[in-house]
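Asks: Below are the chains, spelled out letter by letter.
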Amino acid sequence: MSNRLRHFRQSLTAAALAAALAAPVALSVPGVAVAQERGGTMNIIVQPEPPILVLGLNQQAPTQTVAGKIYQGLLTFGFDLTPQPELAESWEVSPDGKVYTFKLVKNAKWHDGKPFTAHDVVFSTSKFLIEAHPRARATFSKCEKIEALDDHTVRFTLKEPFGPFLQSFEVSSAPMIPKHIYEGTDYKTNPANATPIGTGPFKFKEWVKGSYIHLVRNDEYWKAGKPYLDDIYFRVIPDAASRAVAVEQGTVQQTQFNDIETFDVPRLKGLPNVEMTTKGYEFFAPLSWIEINTRNKPLDDKRFRQAMMHAIDRKFIRDKIWFGLGRPATGPVNSVTRFHEPNVRKYDYDPKKAEALLEEAGFKKGADGTRAKVRLLVMPYGETWTRLGEYVKQAMKRVGVDVTLETTDAAGWVNRVSNWDYDLSFNFVYQYGDPALGVTRTYVSENIRKGVMFSNTMGYSNPEVDKLFAQAAQTNKDEERQQLYSAAQKILVEDVPVAWLLEMEFPTFLDKRFKNAVTTAIGVNESYDSVYMVKK
Amino acid sequence: MTAAAITPARKGSGFWGAFARNKGAVIGLVFLALVVLMAVFADLLYPASPWDMTAMPFQPPLSEDALLGSDTLGRDIASGIAHGARVSLLIGLTSTAVAVLIGVFLGAVSGFYGGRVDDLVMRFTELFQTIPNFVLAVVLVAIFTPSLTSIVLAIAIVSWPPLARLARGEFMSLRSREFVHAAVTTGQSNLTIIWRQILPNSLSPIIVSASLMVATAILLESSLSFLGLGDPNLMSWGYMVGAARTVIRQAWWMSFFPGIAILLTVLALNLVGEGLNDALNPKLARKGRS
Numbered sequence: 001m002s003n004r005l006r007h008f009r010q011s012l013t014a015a016a017l018a019a020a021l022a023a024p025v026a027l028s029v030p031g032v033a034v035a036q037e038r039g040g041t042m043n044i045i046v047q048p049e050p051p052i053l054v055l056g057l058n059q060q061a062p063t064q065t066v067a068g069k070i071y072q073g074l075l076t077f078g079f080d081l082t083p084q085p086e087l088a089e090s091w092e093v094s095p096d097g098k099v100y101t102f103k104l105v106k107n108a109k110w111h112d113g114k115p116f117t118a119h120d121v122v123f124s125t126s127k128f129l130i131e132a133h134p135r136a137r138a139t140f141s142k143c144e145k146i147e148a149l150d151d152h153t154v155r156f157t158l159k160e161p162f163g164p165f166l167q168s169f170e171v172s173s174a175p176m177i178p179k180h181i182y183e184g185t186d187y188k189t190n191p192a193n194a195t196p197i198g199t200g201p202f203k204f205k206e207w208v209k210g211s212y213i214h215l216v217r218n219d220e221y222w223k224a225g226k227p228y229l230d231d232i233y234f235r236v237i238p239d240a241a242s243r244a245v246a247v248e249q250g251t252v253q254q255t256q257f258n259d260i261e262t263f264d265v266p267r268l269k270g271l272p273n274v275e276m277t278t279k280g281y282e283f284f285a286p287l288s289w290i291e292i293n294t295r296n297k298p299l300d301d302k303r304f305r306q307a308m309m310h311a312i313d314r315k316f317i318r319d320k321i322w323f324g325l326g327r328p329a330t331g332p333v334n335s336v337t338r339f340h341e342p343n344v345r346k347y348d349y350d351p352k353k354a355e356a357l358l359e360e361a362g363f364k365k366g367a368d369g370t371r372a373k374v375r376l377l378v379m380p381y382g383e384t385w386t387r388l389g390e391y392v393k394q395a396m397k398r399v400g401v402d403v404t405l406e407t408t409d410a411a412g413w414v415n416r417v418s419n420w421d422y423d424l425s426f427n428f429v430y431q432y433g434d435p436a437l438g439v440t441r442t443y444v445s446e447n448i449r450k451g452v453m454f455s456n457t458m459g460y461s462n463p464e465v466d467k468l469f470a471q472a473a474q475t476n477k478d479e480e481r482q483q484l485y486s487a488a489q490k491i492l493v494e495d496v497p498v499a500w501l502l503e504m505e506f507p508t509f510l511d512k513r514f515k516n517a518v519t520t521a522i523g524v525n526e527s528y529d530s531v532y533m534v535k536k
Numbered sequence: 001m002t003a004a005a006i007t008p009a010r011k012g013s014g015f016w017g018a019f020a021r022n023k024g025a026v027i028g029l030v031f032l033a034l035v036v037l038m039a040v041f042a043d044l045l046y047p048a049s050p051w052d053m054t055a056m057p058f059q060p061p062l063s064e065d066a067l068l069g070s071d072t073l074g075r076d077i078a079s080g081i082a083h084g085a086r087v088s089l090l091i092g093l094t095s096t097a098v099a100v101l102i103g104v105f106l107g108a109v110s111g112f113y114g115g116r117v118d119d120l121v122m123r124f125t126e127l128f129q130t131i132p133n134f135v136l137a138v139v140l141v142a143i144f145t146p147s148l149t150s151i152v153l154a155i156a157i158v159s160w161p162p163l164a165r166l167a168r169g170e171f172m173s174l175r176s177r178e179f180v181h182a183a184v185t186t187g188q189s190n191l192t193i194i195w196r197q198i199l200p201n202s203l204s205p206i207i208v209s210a211s212l213m214v215a216t217a218i219l220l221e222s223s224l225s226f227l228g229l230g231d232p233n234l235m236s237w238g239y240m241v242g243a244a245r246t247v248i249r250q251a252w253w254m255s256f257f258p259g260i261a262i263l264l265t266v267l268a269l270n271l272v273g274e275g276l277n278d279a280l281n282p283k284l285a286r287k288g289r290s
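Chains C and G supply the protein sequences, listed in that same order.
Just so you know, we're using the numbering used here here: the first sequence kicks off at 1 and counts up by one.
Just so you know, we're using the numbering used here here: the second sequence kicks off at 1 and counts up by one.
Be careful, since some hints might not be right.
Restraint ranges, calculated between C-beta atoms of paired labels, are given here [stated by the list, open to error]:
1. Ile27(G) - Asp350(C): 48 to 54 Å
2. Asn233(G) - Gln84(C): 47 to 53 Å
3. Arg249(G) - Glu92(C): 55 to 61 Å
4. Ser49(G) - Lys364(C): 20 to 26 Å
Since the hints were derived computationally from the structure, they do not count as laboratory data.
All residues carry an ideal CB built from backbone N, CA and C; glycine is no exception.
All chains, please: the whole structure from these sequences, using the hints.
Replies: What follows is the structure in structure tokens.
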């Protein structure tokens with residue numbers, strides 16, 4: 001009896017082992033053919049609810065995620081930010097960097113059945129976006145002329161070379177807009193805005209405000225056999241705790257950007273049915289820093305700012321405040337974007353060095369052990385930034401600098417920082433894949449503009465840096481640009497116009513049954529035409 | 001009525017006797033004394049600032065370097081509770097004092113003069129009573145930016161109306177008593193009558209409600225801090241609960257201990273308030289205790 005039982009047990013174990021070994025083999029051999037079949041519904045969180053889905057009119061993050069499935073750009077970008085074909089199947093750049101010629105795909109159609117042609121591209125870039133899209137306006141106003149050579153060829157002629165011109169054809173930077181619907185109308189009040197028409201793999205079906213946005217498969221999509229999914233629901237869930245629960249219970253299959261609070265990340269990471277990735281944000285590549293008003297004493301002293309870099313433990317901030325998300329920043333350019341320079345002055349965490357620098361700069365300890373007093377306006381973007389403020393206060397106290405925390409609401413924060421009424425604050429900005437698009441604006445003196453947020457609010461001014469940034473934007477030769485940007489980064493890291501904290505990462509949580517979701521540098525804003533669901 | 005008047009003499013006598021007869025009140029008083037001691041000696045118990053990151057983050061209770069555990073940044077919870085007691089008591093007492101000043105002044109004027117003045121003051125009081133306390137406090141603190149002063153004032157401004165009504169009632173009933181008439185006949189000024197004659201005789205119920213108001217003020221301050229509207233440079237219990245609620249599923253102790261501190265302190269204040277009520281208003285003492 002006991003023998004038989006043991007034998008039974010052994011064979012059970014053997015069977016289990018065999019099954020475990022066989023399973024991956026069975027899945028991987030016919031995987032390609034079996035897995036990428038049609039069908040499946042994906043539920044994605046969208047938060048906050050977008051105001052409108054016409055990507056040419058609104059480029060807030062949630063709008064991009066939803067409308068990226070409806071609209072398309074001429075190009076998309078790999079993880080290393082190299083351009084990849086989308087509505088343009090090939091492109092040429094003239095040797096002087098002034099003429100860009102795009103060959104378009106020939107079989108693309110708008111959701112209402114009209115063909116997509118070069119005239120739509122000319123209309124979008126020379127009329128619609130120039131009027132309605134600030135970032136596109138800055139780029140396409142550099143064009144001398146934009147013309148359709150034939151139905152499927154477009155030529156852009158620039159007034160002078162512009163390094164990141166190709167980066168401007170990503171879907172949120174330059175979404176293609178149907179000419180036959182918008183030409184001659186008031187873009188913002190066009191009734192068609194309620195039912196967006198694009199060339200993408202998913203068509204707009206229904207929008208129940210406050211609840212969900214429903215997109216369905218575009219059967220006429222120009223890539224044969226795609227997309228695989230039947231439909232996508234974007235669920236509006238305003239409460240952060242409810243969003244985490246929705247992931248835990250599997251009622252949504254994807255979250256992105258700030259949907260999940262950092263403190264929930266470790267818990268959700270352990271769930272068996274979802275996987276987490278931080279890839280797919282390379283195009284945005286936000287960098288966070290302590291904003292320093294260099295007009296005010298003692299912050300006008302470079303050595304004081306350098307001491308701040310040594311006094312603050314960026315690893316601690318990453319591990320304990322951001323729960324492991326992000327990388328300690330070494331300088332103004334995020335290391336996953338182009339032209340990052342790693343060989344710059346290093347600021348390791350070392351309170352002693354910080355104190356030595358303060359001592360050298362003449363900030364002696366007073367009777368109460370205080371060398372200097374500054375105010376820190378905490379960014380009102382939630383708990384995580386509040387904790388960061390408390391950390392910075394304590395870290396600076398260790399080197400004898402007394403930091404007084406100030407709190408405010410979102411409007412008050414923008415108002416005070418943009419009008420230079422602060423000592424220290426926090427900030428983070430997107431870099432859009434190229435220093436000329438997302439880095440220059442923070443440090444050049446021509447962008448010291450009172451009342452404008454995300455400009456050079458620190459009042460940092462260095463003619464050398466201005467010159468390097470200007471030269472680097474006006475060439476499209478990568479080696480030359482790298483040299484210029486490297487030189488600029490070395491100066492900036494020496495000068496510390498802001499105290500860089502983290503190269504921020506966002507967690508994307510994905511149901512393990514859905515494959516191919518994050519494949520490019522724009523990640524969740526991609527068209528999802530190759531996303532498929534593995535059925536069990 | 002006569003029976004109630006006689007009872008205090010039976011067991012113990014005077015104020016303390018009546019107070020001590022309420023066991024809950026004595027326990028409350030002892031606990032409150034402990035909290036006060038903790039607040040006074042916080043700097044000796046925990047010389048470092050409660051914001052200092054003295055331990056490893058996320059240490060559970062009974063760890064080597066943190067008796068009650070440490071929080072997300074490695075700050076000692078026990079130190080936070082000791083230093084937080086100062087803030088809670090300070091805000092509770094000062095805001096109540098301000099509220100008593102406003103409430104008793106307006107109530108006294110209203111009850112003593114009556115008529116038009118009474119109407120005017122009471123409509124003004126009702127204006128404040130119709131707005132929910134907490135919402136008004138949140139709005140006030142948000143407008144004036146969170147700081148110790150703005151929080152104390154906000155709590156005082158939302159707390160005085162009940163005191164004003166109480167004082168008005170007392171003044172109205174005492175106004176028609178013989179000793180007040182006598183004072184009027186002897187030619188004393190209105191101010192002297194309010195200050196010397198009526199006020200001392202109406203103090204008992206005011207003291208009782210003020211003691212309970214301290215508890216409410218502590219709760220209000222904790223709720224404001226919980227919402228992130230506390231003074232960002234002061235460690236308080238409400239702040240500790242608020243900051244730790246995000247990790248409550250990973251680290252219960254960070255919100256549990258400060259929460260218990262709030263609960264017990266507020267409970268103790270209520271018990272003391274009830275004891276004061278028994279001692280100062282013997283006529284209102286409940287049946288079954290005598």
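Asks: Compare the structure with each hint and give your call.
Replies: Hint by hint, here is what the structure shows:
1. Ile27(G) - Asp350(C): 48 to 54 Å: Roughly 52 Å apart at Cβ, these two residues keep to the hinted range, so it holds.
2. Asn233(G) - Gln84(C): 47 to 53 Å: 51 Å, holds
3. Arg249(G) - Glu92(C): 55 to 61 Å: For Glu92(C) against Arg249(G), whose Cβ atoms are near 56 Å apart, the range 55 to 61 Å holds.
4. Ser49(G) - Lys364(C): 20 to 26 Å: Distance hint for Ser49(G), Lys364(C) holds at roughly 22 Å.
Comparing the model with each earlier hint shows no violations; every hint is respected.
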